[in-house]
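A.B. asks: Below, each chain spelled out in residue letters.
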Amino acid sequence: MSDSKNTILDFVAEGFQQGWKHIDASRLGEDQSLEADVVIIGSGAGGGNSAEILAQSGLNVIIVEEGPLQTSRDFHMKENEAYSNLYQESAGRQTKDRGIKIFQGRMVGGGTGINWTTSFRTPTETLKYWAEEMGVLGLSEKEMLPWFEWSEKRYNIQDWKVPPNANNSALETGCEKLGVSWGKIRRNVTGCLNLGYCGTGCPVNAKQSTLVTTIPGALKEGATLISKARAETFEIKNGKITELKCKAMTPRGNAPAVQTIKIKARHYVLAAGSIGSPAIILRSENKILNPYGLVGTRTFLHPVNISGAIMPFPVNGEYGAPQTSYSDHYIETRLDNQKSGFKMECPPLQPMLVATALNGHGKVHAEIMRQRPFLQVLIALQRDGFHPESIGGKVYLKSDGTPGLDYAVSGYVWDGIRDAFIAMSEIQFASGAKAVAPVHRDAELYHSLDKVKKAIASLPMATLKARLFSAHVMGGCPMGENAAKSVVNSKGRHHEVDNLSIFDGSVFPTSIAANPMESIFAVTAKFATELAKVLVM
Amino acid sequence: MLTRRKLFKLGAVSGVTLLTIETFHASLEIPPAPEGLGHSFEFLTPVDRGILSKITPVILAEALPESNEERVLAIKEVIVGWDIAVSGLQPLTQQEIRKLFLVMDSNFIFSLTPRLLTGVPGAWDDPSEIDDCLNNWRLSDPESLITGNELRIGYMGMVELTMASWYTNPRSWDFCSYGGPPVLF
Ligand SMILES: Cc1cc2nc3c(=O)[nH]c(=O)nc-3n(C[C@H](O)[C@H](O)[C@H](O)COP(=O)(O)OP(=O)(O)OC[C@H]3O[C@@H](n4cnc5c(N)ncnc54)[C@H](O)[C@@H]3O)c2cc1C
Ligand code: SF4
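Those sequence lines, one after another, are chains F and R. Sequential numbering from 1 applies to the first sequence in this note's numbering. Sequential numbering from 538 applies to the second sequence in this note's numbering.
Source of the hints: derived by calculation from the structure; they are not laboratory data. You may find that some hints are simply not true.
As the list claims (entries may be wrong) - Below, computed lysine-lysine pairings styled on DSS-like, alpha-carbon distance capped at 25 angstroms: (1) F/21 with F/247; (2) F/247 with F/262; (3) F/485 with F/287; (4) F/465 with F/363; (5) F/451 with F/177; (6) R/636 with R/613; (7) F/451 with F/363; (8) F/363 with R/591; (9) F/398 with R/636; (10) F/128 with F/142; (11) F/96 with R/636; (12) R/636 with F/465; (13) F/533 with F/153; (14) F/101 with R/636; (15) F/398 with F/287; (16) F/240 with F/262; (17) F/287 with F/247; (18) R/613 with F/363.
To be verified - To spell it out: a stretch of chain F is covered by chain R in this simulated footprint if at least three of its residues, at any positions, have a beta carbon under 8 angstroms from a beta carbon of chain R; those stretches are: (19) 84-95; (20) 197-208; (21) 370-383; (22) 393-406.
What the hints assert, rightly or not - Away from chain F, derived, C-beta distances all over 12 angstroms, residues of chain R: (23) 574; (24) 576; (25) 582; (26) 584; (27) 590; (28) 604; (29) 605; (30) 606; (31) 607; (32) 609; (33) 610; (34) 613; (35) 639; (36) 662.
Yeah, the Cβ is synthetic: ideal placement off N, Cα and C, and Gly gets one too.
This is chain F alone, in the form it adopts within the complex:
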């Protein structure tokens, strides 16, 4: 077992030793007042990406991040450590009715630090929908192409040529047998050892997260990183932001400490992610930031349901690159939106993730855990936000000012979830499964396709019965040209407040209908490049 002796070269840790500017706010003895050209809130896909571009154009940049600074040598491939240190709410964030469990990163690197490296361009249909239905301008496929290419180069997004682990190859075989279309996933990695622990932080700096690419890029240009600091509110005067107020977090990072940090800047970039970015605007309680009450609305999740199968051969899905194969069959055949479309992929299968996702307790649960090495798991991600009934959720503030998400799954999406249970079990039986269990309170292991289909037909599709998850929170500050229907324009600039931009996944007016990281890289690279031009003029 590896334990805490990860001795592999860690150039990020070394960069800090050699003088990259970093303040760990949890160690501050007193309040701070700082100034910069641009302050960026959040260091994930959008924040890290924008930081490098803005810093390289000569601007003085401060990055404020609520999560800790940890680097490859701190990543020990241990689930308990990773979930409590590197995920929002210790990976226990849930929607208001507890019906959907939400995974989001909370570390320097944001979601890119613990995500599964799956890289897709924004689907053409999504960009078209934004242009035609959501009033988005300048983000057509043709206009985005150079930015996808830019992102692929910057984050080394490439075809993954290593054979899939047995979890992913079962998806391929099943689809192949059924004549269901499938494909290979591209990944943002360099020198990947195919370990399978992307979700607990890459221990060898192979994953090209913002932590090892664009944040170092910004720091090399002289940017300052503040970790363990939570941006609280904006101060507004005469229609402009005059100051950002932050609170230091306690060393453990789960609660704010007493120290405050005030930052004055020419321009403010919100990149705290969906849920996080809307929360800062809502806390600021200023009409001009939210004139139409749209902030926090249209938050999408790609709600995910799960199907587990017992295979006659060992799968050991905890090892090997977690996601390498996918099927868009039920997206491509449902683009008319008559029925909710969904993407199918595989998750990594470390024991805690499996044990907590499964249903129930006692003998039944233990029996499945005993057979864990034979477990094959498929997930289906619903394409939410493309139908009048699929309006997404709304971010709200809890009594302590931290954000929550109220998301009701629409009947339309529930129908898609039922279809997905069926589609996944078909693939699993086609790839040789002995038995299949839809992850649903009232389901059990079924030993034939007939039986599972019959069961799925009568399972109630309802909150807290079908177990749902999300690792893709998107939207909440939708972009568009109509100021009465969107929060920012098609360049990520706030409609009313001139010195505020939002550069993260929260600007998407629908879900992406693919894993969102590359979309966030591409869109925010475009936005940040345009903003840099304006600011250095």
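Use these hints to put chain R with the ligands onto chain F, whose structure you have.
C.D. replies: Relative to the frame of chain F, chain R with the ligands by itself:
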């Protein structure tokens, strides 16, 4: 999650008020709390630990080691893991879990009332009664007018924290045939 109002509602239906629940909580002869294996507990009270020591074997069943000695140690470690995990949660979530423990006790009171009338909190020693109670929670209707979705949520929270604590413990890995993180060099 478990609002005071709902708690009262729950109490009113069964003729038990929050006050009596709280008194009960303090006075019930709960099984002795396992010691902390050198861990100093931040969140779990001795009462909570006592409850967990009885619930854990029901939740984990065969996944716990067979030999009595190893089993006892495993349960202690699950409880320590619980405490570490909960201590790292946001204060608001910690408050919710505190309330969950209160409701959990109250639910035990309701479902075990006849036994209690005989003055014996002995049900804690009957795994099948604990299992019945957990199943009541598990299968409680999320749309129930009386308890709302709270019992189901409580069930999921309890089970999840227990599973998370055990299956991140290397002692559980033999059972689920997990080889642990790969050795790097
Ligand atoms: C387990 C997991 C696996 C995933 N796998 C994939 C995948 O394989 N492919 C893919 O495309 N996508 C994947 N995703 C999703 C992807 O990582 C996210 O969509 C993406 O990182 C979102 O980027 P963002 O910039 O919007 O926000 P984030 O990357 O979430 O960054 C926001 C940052 O802001 C910080 N923050 C929040 N509030 C504040 C505040 N008030 N003050 C200061 N800082 C704050 C957060 O701590 C966080 O670090 C995965 C996500 C998870 C959780
Ligand atoms: S699979 Fe590759 S990218 Fe993921 S953790 Fe392992 S080495 Fe890093």
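A.B. asks: Please write out, lowest number first, the hints stated earlier that are contradicted by the structure.
C.D. replies: none
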